[in-house]
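Start from the sequences, fold in the hints, and give me the full structure.
One point on numbering: in the numbering used here, the residue at position 128 of the sequence shown is 267, and numbering is uninterrupted.
Pairwise CB distance ranges (calculated):
| # | residue 1 | residue 2 | range |
| --- | --- | --- | --- |
| 1 | L429 | G329 | 32 to 38 Å |
| 2 | E336 | A201 | 27 to 33 Å |
| 3 | T286 | Q391 | 37 to 43 Å |
| 4 | V309 | R191 | 18 to 24 Å |
| 5 | K211 | L395 | 38 to 44 Å |
| 6 | A294 | L205 | 30 to 36 Å |
| 7 | A374 | S328 | 39 to 45 Å |
| 8 | A294 | T382 | 24 to 30 Å |
Okay, derived cross-link-like pairs now, SDA-like style, lysine to any residue, Cα gap no bigger than 25 Å in a straight line:
| # | residue 1 | residue 2 |
| --- | --- | --- |
| 9 | K445 | R287 |
| 10 | K422 | A408 |
| 11 | K445 | G284 |
| 12 | K211 | T325 |
| 13 | K422 | A294 |
| 14 | K422 | A394 |
| 15 | K422 | I385 |
| 16 | K422 | D387 |
Since the hints were made in silico from the structure, they are not lab data. From the three backbone atoms N, C-alpha and C, an ideal C-beta is built for every residue, glycine too.
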Amino acid sequence: MSQAEVIQQGEVIQQGEVTRQGGALDGAWKTSPLWTLGLFRSELLTTFRRWRTLALLAVLAAVPILVGIAVKIETGDGSGGGGPQGGGPAFISQITNNGLFLVFTALAATLPFFLPMAIGVIAGDAIAGEANAGTLRYLLVAPAGRTRLLLTKYATTMAFCLVATLVVAVSAFAVGALLFPLGDLTTISGTRISFAEGLGRALLIALVVALSLIGVAALGLFVSTLTNSGIAAMATTVGLLITVQILDQIPQLHALQPYFFSHYWLSFADLMRDPVYWDDLVKNLGIQGLYAAVFGSAAWARFTAKDITA
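Here it is as structure tokens:
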């Protein structure tokens, strides 16, 4: 939201306050659910209109295209397989048989780095970016209220999580349908399911991937409350993501690794088993919920006690 838009919104609200009679009516108006929805809608429009957001979505959409073209070129001689010796992740080896597997492969390729990085950028800039632009005080005067503003920022980040994941999935499905055949799927367990059921599982996997990022979103929001520099908040969040994933690969830390938010990210592959293996999926969602609660509470405690000077 630009400073001019915030100032204009604040002036409109102040005019509304003057025409209202009674403090009780004014307080009820400030806490109206419709006003909250309006703030959320404004945040969504502001976020998705930014060139940075559009650039991030374009990069995410390009990953399935590159993967699909690479697999098509690699298997162009009819040899099949997912790599030079038919190696690689299980999903890649199935792409040439069914383009729907490109959706699973693209999500597996973007989840460790591209998707978390994009979420880290959006979440890290949520509060710090407003402070850096000098619009945070206007947002609070509007009147948004610190708790409501923080929840709106988090909800907007979660909406971006879902949109970003769907962009990857839709791009992968379009490329897979264009370059490879579609039809019944063979699950990881070796059973056959219909294309319609496979498409339903692809949508469910996309939803699980989006939910796997709620911990990252809360972490980025917390970091964003610690500084008035949007760039610093974004860089710190992305740096923490990379550090945690490096630590998750060190064998000596195996006792701690199940508590890292990235440890169970790829458990979404269990949705392609028949029957579905739920243990790691439940652990993943539980860890994400724990991180969201811890860092969300920390962000609230920091933001409600913070002196807003910008």
